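Protein chains: 2
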Amino acid sequence: MADSPMVPQSPCGLPWYVAGSQVLGLACVIITGVWMGHYRGGYAWDGSSREFNVHPLCMVLGLVFLYGDAILVYRVFRNESKRSIKILHAVFHVIALIISVVGFVAVFDFHAKGKIQDMYSLHSWCGMLTFVLFCVQWLLGFTFFLFPGASQWLRKSYLSLHVFFGLVLLALAVGTCLLGITEKVLFSIESTYSSFVPEGVLANALGLLLVGFGVLVAYIVTREEFRRPPHPEEEALSMHFKTLTEGGSPSSP
Amino acid sequence: MADSPMVPQSPCGLPWYVAGSQVLGLACVIITGVWMGHYRGGYAWDGSSREFNVHPLCMVLGLVFLYGDAILVYRVFRNESKRSIKILHAVFHVIALIISVVGFVAVFDFHAKGKIQDMYSLHSWCGMLTFVLFCVQWLLGFTFFLFPGASQWLRKSYLSLHVFFGLVLLALAVGTCLLGITEKVLFSIESTYSSFVPEGVLANALGLLLVGFGVLVAYIVTREEFRRPPHPEEEALSMHFKTLTEGGSPSSP
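Note that the protein sequences, when read in sequence, are chains A and B.
Using the UniProt record's numbering, the first residue of the first sequence is number 1, and each one after it goes up by one.
Using the UniProt record's numbering, the first residue of the second sequence is number 1, and each one after it goes up by one.
So that you can see chain A by itself, here it is in the shape it has in the complex (with noise of 0.2 Å):
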């Protein structure tokens, strides 16, 4: 299939960066979820610090891997229509909004039950601040690429920013896992940190394993000989604009 002529190969290198950041993305929940499992003591849905452990495994699930797996569906389905790959990365989307509502309710329900005062912290602000841009740039991305109303120069206008904030919100997600991450050592092992502990090191671990996975994703969406081919129909739009436009760029993302 590769050797058709119908088929245009991927940029070359992009299939290797592309699985560096899914070694990545999936080393970063297998590690929250042995840190939460194996040394925090597990999970349940009970109130007390197991149902808390939920909180990290679906934020570093949601937030942070389909997140980001959501924005490089453009680069990695590259010979689909562009439609399809609209809807799947609003699915994607959708799936990583609801595991990390699960997270959410997780915490304050701990809180709740364990009369913890919620939203002090700058962990508290940022990850709220990162869900509510979060739901507001879903329902313009929806808004303007799959509801049907939007005109072809609106679109335009708003993707760059749909890009750019969409790459803002992803560090800013890594940004508050890490402070979860410190919160977390800090609350339950202040006293041992300092002596690497292995539990200390896993979570250091898994702070740099978050930051790579953002640069790794950030990295393969930025580059010009990733992006995905237009096909012919999108070009002559494209063209169209280019006319309409002064120093336009190419409408697809």
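The hints are simulated quantities; they were obtained by calculation from the structure and are not laboratory data.
Note that this is a predicted model, so its numbers are computed, not measured.
One thing to keep in mind: the hints can contain errors.
If the Cβ cut is set under 10 Å, some of the chain B residues that face chain A in the computed set are [unchecked claim]:
| hint | residue |
| --- | --- |
| 1 | Trp16 |
| 2 | Glu51 |
| 3 | His123 |
| 4 | Ser124 |
| 5 | Trp125 |
| 6 | Ala171 |
| 7 | Thr176 |
| 8 | Ile181 |
| 9 | Gly200 |
| 10 | Thr222 |
Over the 10 Å line for every Cβ pair with chain B, so calculated as not near, a few chain A residues [as the list claims (entries may be wrong)]:
| hint | residue |
| --- | --- |
| 11 | Gln22 |
| 12 | Phe144 |
| 13 | Gly175 |
The calculated label-pair distances, taken between Cβ atoms and stated as ranges, are [stated by the list, open to error]:
| hint | chain 1 | residue 1 | chain 2 | residue 2 | range |
| --- | --- | --- | --- | --- | --- |
| 14 | B | Val101 | A | Thr143 | 42 to 50 Å |
| 15 | A | Leu208 | B | Leu161 | 37 to 45 Å |
| 16 | B | Ile116 | A | Gly149 | 56 to 64 Å |
| 17 | A | Ser84 | B | Phe196 | 44 to 52 Å |
| 18 | A | Trp45 | B | Lys113 | 43 to 51 Å |
| 19 | A | Gly33 | B | Val132 | 24 to 32 Å |
We put the beta carbon where it would ideally sit given N, CA and C, even for glycine.
Since the structure of chain A is provided, determine the placement of chain B on it from the hints.
Here is chain B on its own, set in the frame of chain A:
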């Protein structure tokens, strides 16, 4: 002067975005200064916690505010020669580097005198990573763009990586500051942080302002319409290299 045909005006909105970034950046520096000066006992160089207080101020001033401004010189000084702006960019980074070295010395000296373990936290790992990559980025930037030996082809090949990793490092620096804020409030005011005491709210607000500064600098730098217009001789050079390279983009950062 602004109406002279010899001095092209800035693109619509750019001065406002740059002014906004300066307000946010200065607010970050001032709030850090007030936090350490008013709430944490002020500054000294005696191995006490007042020496530690030099660390956050230097890091926010050097690795965030001046680092961000070093990036912005390409958008602010639009009509100077490219070589002058390159030198200004490198000099700003050297000042940022010197200030951040003072910040590093402050915290290592405080740890040494207080017999506190170094480099065990995620904050310290991210901070050291940022600092080392910043030095590598500076050296590579100097070698490729200021040292006369590098060919135009090498410069052009490296430029997009330099810009990408420059923004990654700004994000890492901001993220590391947020981790430092979280560590500091949990070490200093853990028992009252959840009661929304003024110091905790100020620290959280500082975190959000740092995020705002980073996002605004990244926005200004990545907008196509805010790019520095190439001077006639640079344009000729750019056109020349466009014929040599496939799908070449303009060579000004």
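Structure-based check of all given hints:
1. Annotation: Trp16/B was flagged as interfacial toward chain A, and the flag is violated, the nearest CB pair being 17 Å apart, outside 10 Å.
2. A least Cβ separation of about 19 Å between Glu51/B and chain A goes past the 10 Å threshold, and the interface hint is therefore violated.
3. The interface hint given for His123/B is met, as the beta carbon of that residue sits about 7 Å from the closest beta carbon of chain A, less than 10 Å.
4. Satisfaction of the interface hint for Ser124/B is found here, the shortest Cβ-Cβ separation to chain A being roughly 9 Å, below the 10 Å cut-off.
5. Contact between Trp125/B and chain A, as hinted, is supported at the beta carbon level, the nearest pair being about 5 Å apart and thus within 10 Å.
6. Interface hint status for Ala171/B: upheld, as the beta-carbon distance to the closest one in chain A is roughly 5 Å, under 10 Å.
7. Evaluation of the Thr176/B hint against chain A yields a held restraint, the C-beta minimum of about 9 Å falling below 10 Å.
8. Because the beta carbon of Ile181/B sits about 6 Å from the nearest beta carbon in chain A, less than 10 Å, this interface hint is met.
9. Satisfaction of the interface hint for Gly200/B is found here, the shortest Cβ-Cβ separation to chain A being roughly 7 Å, below the 10 Å cut-off.
10. A least Cβ separation of about 6 Å between Thr222/B and chain A falls short of the 10 Å threshold, and the interface hint therefore holds.
11. Every CB of chain B is more than 10 Å from the CB of Gln22/A (nearest about 20 Å), matching its label as outside the interface.
12. Its beta-carbon lying about 19 Å from the closest one in chain B, Phe144/A satisfies the requirement of being farther than 10 Å from that chain.
13. With 10 Å as the threshold on Cβ separation, the claim that Gly175/A sits away from chain B is violated: the shortest Cβ distance comes to roughly 4 Å.
14. Distance hint check: the CB atoms of Val101/B and Thr143/A are about 49 Å apart, consistent with the given range 42 to 50 Å.
15. The hinted window of 37 to 45 Å between Leu208/A and Leu161/B is violated, with their beta carbons roughly 20 Å apart.
16. For the hinted restraint 56 to 64 Å between Ile116/B and Gly149/A, the CB-CB distance of approximately 60 Å keeps it satisfied.
17. Separation of Ser84/A from Phe196/B is about 48 Å and conforms to the stated range, judged on CB atoms against 44 to 52 Å.
18. Range check, Trp45/A to Lys113/B: about 48 Å between beta-carbon atoms, so the 43 to 51 Å window is met.
19. The beta-carbon spacing between Gly33/A and Val132/B, approximately 30 Å, falls within the hinted interval of 24 to 32 Å.
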